[in-house]
Amino acid sequence: MMDEHESPELTDDEKRLFADLMPEDLTEILDTGIHRRHFLKLLSLAGGGILAAQSAVAEQLLTRPLSETVPSDLAPESLENAVNVAFKVNGTSRKLTVDSRMTLLDTLRERLDLTGSKKGCDHGQCGACTVIVNGHRVLSCLTLAASCEGKTVQTIEGLAQGNTGATVRLHPVQEAFLKHDGFQCGFCTPGQICSAVAVLDEAKNGHLSYVTENVRQSTGPVKLSNEEIRERMSGNICRCGAYPNIVAAIQEVHSGKPVEQVFRSV
Amino acid sequence: MRPFTYTRAKDATSAIKLLAENPNAKFLAGGTNLLDLMKEDVERPNALIDISELGLTDIKTVTSGANKGGLSIGGLGKNTYAANHPLVRQNYPLLTQAILAGASGQLRNMATNGGNLLQRTRCPYFYEVSMPCNKRQSGSGCGAKEGINRMHAIFGWSEQCVAVYPSDMAVALAALDAVIKVRSTSGQERSIPIAEFHRLPGDQPEKDTNLLHGELITSIELPQNRFADKSYYLKVRDRASYAFALVSVAAALETQGNKIVQARIAMGGVAHKPWRALKAEQMLVGKDATDANFKLAADAEMADAKPLEHNKFKIELGNRSIVLALQMAMKVGKA
Chain A
1 MMDEHESPEL TDDEKRLFAD LMPEDLTEIL DTGIHRRHFL KLLSLAGGGI LAAQSAVAEQ
61 LLTRPLSETV PSDLAPESLE NAVNVAFKVN GTSRKLTVDS RMTLLDTLRE RLDLTGSKKG
121 CDHGQCGACT VIVNGHRVLS CLTLAASCEG KTVQTIEGLA QGNTGATVRL HPVQEAFLKH
181 DGFQCGFCTP GQICSAVAVL DEAKNGHLSY VTENVRQSTG PVKLSNEEIR ERMSGNICRC
241 GAYPNIVAAI QEVHSGKPVE QVFRSV
Chain B
1001 MRPFTYTRAK DATSAIKLLA ENPNAKFLAG GTNLLDLMKE DVERPNALID ISELGLTDIK
1061 TVTSGANKGG LSIGGLGKNT YAANHPLVRQ NYPLLTQAIL AGASGQLRNM ATNGGNLLQR
1121 TRCPYFYEVS MPCNKRQSGS GCGAKEGINR MHAIFGWSEQ CVAVYPSDMA VALAALDAVI
1181 KVRSTSGQER SIPIAEFHRL PGDQPEKDTN LLHGELITSI ELPQNRFADK SYYLKVRDRA
1241 SYAFALVSVA AALETQGNKI VQARIAMGGV AHKPWRALKA EQMLVGKDAT DANFKLAADA
1301 EMADAKPLEH NKFKIELGNR SIVLALQMAM KVGKA
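Those protein sequences? They're chains A and B, same order as listed.
Numbering of the first sequence is given in the numbering used here, commencing with residue 1 and proceeding in unit increments.
Numbering of the second sequence is given in the numbering used here, commencing with residue 1001 and proceeding in unit increments.
There's no promise every hint is true.
[To be verified] Output of the computed footprint for chain A on chain B, the stretches with three or more beta carbons under 8 Å from beta carbons of chain A: (1) 1008-1016; (2) 1096-1103; (3) 1107-1119; (4) 1126-1137.
[To be verified] Quick list of simulated restraints, FRET-style, between CB atoms: (5) A:Glu24 x B:Arg1044: 29 to 37 Å; (6) A:Asn205 x B:Ala1240: 50 to 58 Å; (7) B:Met1001 x A:Asp12: 40 to 48 Å; (8) B:Gly1069 x A:Thr219: 49 to 57 Å; (9) B:Asn1258 x A:Lys179: 50 to 58 Å; (10) B:Glu1128 x A:Ala160: 18 to 26 Å; (11) A:Phe263 x B:Val1261: 52 to 60 Å; (12) B:Gly1202 x A:Cys121: 44 to 52 Å.
Please keep in mind that the hints were generated in silico from the structure rather than gathered at the bench.
Even glycine gets a Cβ: it sits at the ideal position worked out from N, Cα and C.
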């Protein structure tokens, strides 16, 4: 992640783009970097299709972190009930001062620039904010950041191995979601994938579900039927209704055998 | 959410002290219900005392006291841990099933056993602060009594409150005669039988339980029983998973041959507390475990139900659910 106080240096292509599209703002942009209102202007131009011709440059700009949006740390004196907390996120140690009310979800998104975890309902009903804390899947919208002292948090950003370009190796569940088209709009997907990764671990550790036939049988890895996967994933809602594809993706990773791609069999 | 101070408690004694000296403080454990209610502005504590790192998570055989030979389940242990623990699965499969019937995998990983007992109603009039609700604001009236009350109580309600208690776990605990162990400011422990832990609304619906401010649930004790072979938790809801019960039934039988020696039946989704179906139980003792007798027992229990405008269906549903849960308990025993 880049330092939040540093203005991103514009490429020559980008300078040309701004000179074309918003000449009145160019000096300021060159001086102090891109600010939220420039960004919004760009977005509205993109919406109007004006950026289409320069889409590659525009896309590069739109995906850059903005200088204004993420202060590296809020001054403790501006917080009414400040709490110091240190925890690990995706292998990196983080030390923060947070408002006592701040949820883990808002901390990840607003303070640590990890916007993969999504805010769907913010009330623990949709699962879009699912992350893995100390190896267990939990809802980050109902977890206070203050309560994460000393804990280990894994988010969707931390599942793939390797950082950039050709060295990135997606997690098998991520690969399977791609293969089986386990999403449409994609908003619930980070939560679905984090949840699925944990479900596979739970099955390996012999965890039961409400649809497990005989709960008294001896512990050991559980073989998941599709019904079991549906029950265990019921905390993750998908409004696009990609459920058959999600179940197929998880089943493929769980069984280690190819599962027919549902969207091709109709 | 309103501002609050946050304190990580170091041990149970200091946590209890911190809570006791502030009437507006609350314990924070899993937070799954409390934080949601704080976001909705229903709960407004000015201090949270985080007790999630205090320990009190063990599950072990009780070695002394009234429940010797039974099981002690830590009040701050997670629901997932309790449901999957070998001693719970083997000796109290009814509890395993009930816990797994509730919420989602994520929520069960967060929620503690003590916190589960203290869940508040999901009555929409309680959650919506622009609506009258005697439970949320004493004396403001009840929006549900003459409002939309499909999900509400058919047993034990009062003019002040018709809400139902939401926990599945507690319904199994009621059938299993659990005892709640709590520690108070004086450091003394007291035991509250599950039947006396939760309250009917009466004219004080704002009080869900008989737990006093400053008391901490340290463990839940289950007495030994002979129900492990024949028990079943049936949950009927609007969707197949991840929804609160319209009606649920925890059924447990001890039989000799086909004769019922002991029966335990508790219902969820029908009252302000887990509803122990004592009439149905009495009808079954000494009788043969037949569908006809199950039906007679269900009829006896449901005869006392007093439905509201939109939940008359719960009488027939409750009746059939009692019969089905008893049948399933017998079937599990044969498997």
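Hints and how they fare:
1. 1008-1016: This one is violated; 1 residues, fewer than the three required, reach chain A with a Cβ under 8 Å.
2. 1096-1103: n = 5 at 8 Å, threshold three: holds.
3. 1107-1119: holds (count 3)
4. 1126-1137: violated (count 0)
5. A:Glu24 x B:Arg1044: 29 to 37 Å: 49 Å Cβ-Cβ, so the 29 to 37 Å window is violated.
6. A:Asn205 x B:Ala1240: 50 to 58 Å: For A:Asn205 and B:Ala1240 the Cβ distance comes to about 24 Å; the hint is violated.
7. B:Met1001 x A:Asp12: 40 to 48 Å: holds, 47 Å
8. B:Gly1069 x A:Thr219: 49 to 57 Å: violated, 22 Å
9. B:Asn1258 x A:Lys179: 50 to 58 Å: Taking Cβ atoms as reference, B:Asn1258 and A:Lys179 lie about 53 Å apart, which means the hint holds.
10. B:Glu1128 x A:Ala160: 18 to 26 Å: violated, 42 Å
11. A:Phe263 x B:Val1261: 52 to 60 Å: For A:Phe263 and B:Val1261 the Cβ distance comes to about 55 Å; the hint holds.
12. B:Gly1202 x A:Cys121: 44 to 52 Å: violated, 34 Å
Comparing the model with each earlier hint shows violations of hints 1, 4, 5, 6, 8, 10 and 12; every other hint is respected.
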